[in-house]
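S.K.: Fit chains B, C and D with the ligands to the supplied structure of chain A, relying on the hints for placement.
One-letter residues, chain by chain:
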Amino acid sequence: MSILDWFTKDDARNSRYEERLNIPGDLWAQCPQCKEAIYLKTLASNFRVCDCHYHFRLSPEERIQMIFDDGSFSEIDTTLEAVDFLKFADTEPYSDRLKKAKKKTKHADAIVIGMATLHQLPVNIGVMDFGFMGGSMGSVVGEKIARIIEHAIHNKFPLIIFTSSGGARMQEGIMSLMQMAKTSAALQQLSEVSVPYISVLCDPTTGGTSASFAMLGDVNIAEPGALISFAGPRVIEQTIRQKLPKGFQRSEFLLEKGMLDRVVHRRDMRNILTTLIRLLNPHTTKKDVV
Amino acid sequence: MSILDWFTKDDARNSRYEERLNIPGDLWAQCPQCKEAIYLKTLASNFRVCDCHYHFRLSPEERIQMIFDDGSFSEIDTTLEAVDFLKFADTEPYSDRLKKAKKKTKHADAIVIGMATLHQLPVNIGVMDFGFMGGSMGSVVGEKIARIIEHAIHNKFPLIIFTSSGGARMQEGIMSLMQMAKTSAALQQLSEVSVPYISVLCDPTTGGTSASFAMLGDVNIAEPGALISFAGPRVIEQTIRQKLPKGFQRSEFLLEKGMLDRVVHRRDMRNILTTLIRLLNPHTTKKDVV
Amino acid sequence: MKALDFEKPIYDLQEKIDELRQLAASTDMDLQSDIDAIEARADMLKAQIYASLTPGQIIQIARHPNRPNTLALANLLCSDFVELKGDRCFRDDPSIVGGVGTLGQYRVMIIGHQKGSDTKEKIRRNFGMPHPEGYRKALRLMKMADKFGMPIVTFVDTPGAYPGKEAEERGQAEAIAKNLKEMTGLCVPVVSVVIGEGGSGGALGIAVSNRILMLEYAVYSVISPEGCASILFRDASRAEYAAEKLKITAQDVVDLGIADRILPEPLGGAHHDWQVVSETIAAALADELDRLSALSREAVKADRYQKFRSFGRYKDTAIQAVSALPSAKSSKSSKKKL
Amino acid sequence: MKALDFEKPIYDLQEKIDELRQLAASTDMDLQSDIDAIEARADMLKAQIYASLTPGQIIQIARHPNRPNTLALANLLCSDFVELKGDRCFRDDPSIVGGVGTLGQYRVMIIGHQKGSDTKEKIRRNFGMPHPEGYRKALRLMKMADKFGMPIVTFVDTPGAYPGKEAEERGQAEAIAKNLKEMTGLCVPVVSVVIGEGGSGGALGIAVSNRILMLEYAVYSVISPEGCASILFRDASRAEYAAEKLKITAQDVVDLGIADRILPEPLGGAHHDWQVVSETIAAALADELDRLSALSREAVKADRYQKFRSFGRYKDTAIQAVSALPSAKSSKSSKKKL
Ligand SMILES: [Zn+2]
Ligand SMILES: [Zn+2]
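For the protein sequence lines, the chains are A, B, C and D, in the order given.
According to our numbering, the first sequence holds residues 1 to 290 in order.
According to our numbering, the second sequence holds residues 1001 to 1290 in order.
According to our numbering, the third sequence holds residues 2001 to 2338 in order.
According to our numbering, the fourth sequence holds residues 3001 to 3338 in order.
Only chain A is shown next, with the shape it has when bound in the complex (with noise of 0.2 Å):
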């Protein structure tokens, strides 16, 4: 199979997956950055992107369903779930955000990971999911990420791991912390056998989450305006009390500042993550990619 075939066949995939979700042609959603109102239908034949180039935030359902082969994800790890130790109690109880969290997104927590093909070529996928409390990083996730980073490390298939989170989970005290170094450490074991590691960072990635695995990819991809930063803006204007510059601290501006391989419309991102793993997997055989 040539490189043009892949890209080819490609076209049907939207229709088809509008006609998946199957929305009623008169809702509608607010654009939070041109105000425009845009109906969800033709949202979800854009990739929900607004003409504008807001990108809405995914569910990992729409990401995955949008980027990998159709039916191809197969999801490990369902049965982990957090627990809190440290009968943590802030506005609300801990386990009560966690059973709303879980009621809300269908999830067990703020990631979903497993394998899936791109353009045939297989792939150990990530997906974090912002809307389960803020897609926070406690023992849960970072025990999902290192094991989806260890299942590289034992097939060789490369690795993509879309964040969306605003960084550690403070429900889980210093265990979070600590999931900072465990992620790190999973993907220097990663690096020692050659896979490649491709992050992709989807608005937000902030904080712990930023400062571990979001900045560790061989290639560090952005979609389009996200904000992306260790500390965020509201602390940083605290501490130098003045506004900051638009366009601080999101994608486009940390492309500039050498921190990202490249800013890319999720349009594109399908194809763009094809070639990439094509090209850079040592381990990829003949066989694997025609």
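It cannot be assumed that every hint is accurate.
In silico PhoX-like links for lysine-lysine, alpha-carbon gap of 20 Å or less [to be verified]: (1) D:K3046 / D:K3016; (2) C:K2016 / C:K2002; (3) C:K2315 / A:K100; (4) D:K3315 / B:K1102; (5) B:K1103 / D:K3315.
The hints are simulated quantities; they were obtained by calculation from the structure and are not laboratory data.
M.R.: Okay, now just chains B, C and D with the ligands, sitting in the frame of chain A:
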């Protein structure tokens, strides 16, 4: 022998050095920095450093006698000499320039290499001579640096190079440019066998010399006030059409900019170097130290 | 010495004792029995107060301006300490310092946060809050240590990585992340001592170590209690409460299985006797380095990886157990199709 | 297309031919024999002029604004080229570009200087004069290639590293030096093609390679002839003369044993036909990569070291011979005591 013993028996060194130089007391030099007149004898007993901390340039002989154990230096590769293979002539033929420089400095080219000891610890050293055609690096300088590095690779004793050079020797055209790569390549090999290299940058270290072995020390040390740059201040002023701030491209500036580990007064150089080579070298046996 | 508010009663008694002593000296009166009595009361009070410190009070000790700092400890531990500077890229960051020295029988690389003691130095050192170049300097020195086979000791004492405009522009997230990854690749022993404040990612950025030791009144936290209170409780005044909930004291961090060992401080805290503290640290480091140096380079690296790999508390509903030490393989039974 | 001054006679004739053609078309006159005659003269003139170019004229071709550039070549050579950006430290420097693609049977990393073609782009790309972050980006990409076993191709085309205030502040010397050293440690084949101007350390910083190829009218020099004239001759107008003395043409650099091979350009220079130039380059690269890929990783590295180790011309008066290939050992006979 304990560390303290090393340092205490050093006190007598300078007076001995001064005696050996046998300078009549009525000759004086003017300090280029504070413009004061200083008796040469005073200057010699102060490591040729003015009270204003201006470090006078040294010949290789002066530097070796100030820093290494008395009589411990044995020079090697004295017979390598430059060849005017491009038949280069600017305002004066290269071959004439070489003759004059040899006569003036009593050296064959702009660097002296060999082995010495530092508080009894054996080291491989290179000492550049700004007096020889501005310390410029042609084939002989490059070759001698590569050779002393190779000696270090074989004997596993640390390497210390004192730089003082305007950069590549234009009279040898592209061949002088290649000496940058040759010396750096040899340092990569040294690095792979974990032998420490300390670069001591003296006034001035610019151009192709700074952009190769001079900047590649495991530890980079500079004498105070040394000019250290890639492009010289005059070239930059022409580029930006502005005066450069005071202290720009001087040792202290580079220290602040993260390019140097330390700025060390000539008086303290011997002890700092001793401590560093003792601590860094994994090949030092207990026998060597005690 | 700055008295912390909960130490006020002790300092009041101490003042009284001093007054009595002066009186005795100037008037030739014999007040020894009174002095002894008050001193005994002061000792009892001290013991009581320090035996029941709240996390909020412990933080105050951890942040005490006179606590021993990295450079002071480096010089107390090594008679031949030589500081090394620079990230070889942008700047020397004075809020992280490092250098080489001899510690007992080991040539070591010491790296740590440096807050600064007087106002001028505090400003110069940015109150111990590093910019990215601080982490890059630390990594440069760690790689140097790795190359020359020198064990690494890090001293952790920072409110956190600096949350400023330039720090973000120059890649604070990247710099910390890179350290976390690269420290895992080091083949020499790395021992960290939290000597004061272990503030979040800014602390972790130099603490991916084979052993994590904590001084008795040091703290280690994912976020400052103040930050936590204002974000989660939307009420900055609830910092004391947040400090309790976050489990940040040395004992808590040991109980959670993260820190390995608590190093006792002199009564009242490390700031009362740097010499004693440095001796405690020297003994603990010698102990840990002896054990780690017995391992091969690969084993040292594997030991560090296993330590961090094991961190996490969660349950696997498929196997109905809360696990703190999961196996590296995921169970096949837990697959599902999307 | 900008005509260089020595090309003026050719362009004048070409203009005349065009006029005659138009006249023939509009008046129905048969001027073919005249046109043929002038074309023959033009061809002869071209052959004459390009056969006897002075180094000064060759530099003009090497600097021609329409010469093929790195990004254009990358896209002509690889149908799937993906540019990758950033030094992961301070900034993406647009004056050095890089990325991955498929070149024949090889997955390759392509890196090169990028001068920019129109005024706006030239400014954005700083006329192909990199800051330190350009060299750091290049090194990052080279290490990525090394990790994934991809051969590296670099295209050299720069007046030199930028001699500016910020470039010095951020360590121009350090960045170039580090590349020279680290490129020696790469275990994948590296092939450089000097496609235009090979300006000093700024060129060498991405050209420590197993093979150095030069396009026919490319130049490679330790300093620009203008710089040399103003420094050594104290007379900037003597640049033409300096260009001759410095030996900077492809033929000179091959004769000195530094470049391995000259790649012919279309008559008049590479700017006349990018497609042909890219095919020439593709064939040469395939050839070199085939040979280098047959070597082990260690052998590839050793090959590169030996190449650069051998550079230098000097004599050893002890053995009375001019040597271009010295042995690694110094002769024991040449020791002396100071
Ligand atoms: Zn919009
Ligand atoms: Zn003076």
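S.K.: Quick one, are D:K3315 and B:K1102 close enough, alpha carbons at most 20 Å?
M.R.: Holds, at roughly 15 Å.
S.K.: Just to be careful, I want the Cα atoms of C:K2315 and A:K100 compared with a cutoff of 20 Å; is the pair within it?
M.R.: Within the cut-off at roughly 18 Å; holds.
S.K.: Given the hint that D:K3046 pairs with D:K3016, test it: the Cα-Cα distance must not exceed 20 Å.
M.R.: holds (15 Å)
S.K.: Is the Cα-Cα distance between B:K1103 and D:K3315 20 Å or less?
M.R.: OK: B:K1103 and D:K3315 at ~18 Å, within 20 Å.
S.K.: Straight-line Cα separation of C:K2016 and C:K2002 no greater than 20 Å?
M.R.: holds (17 Å)
The structure meets every hint from the earlier list without exception.
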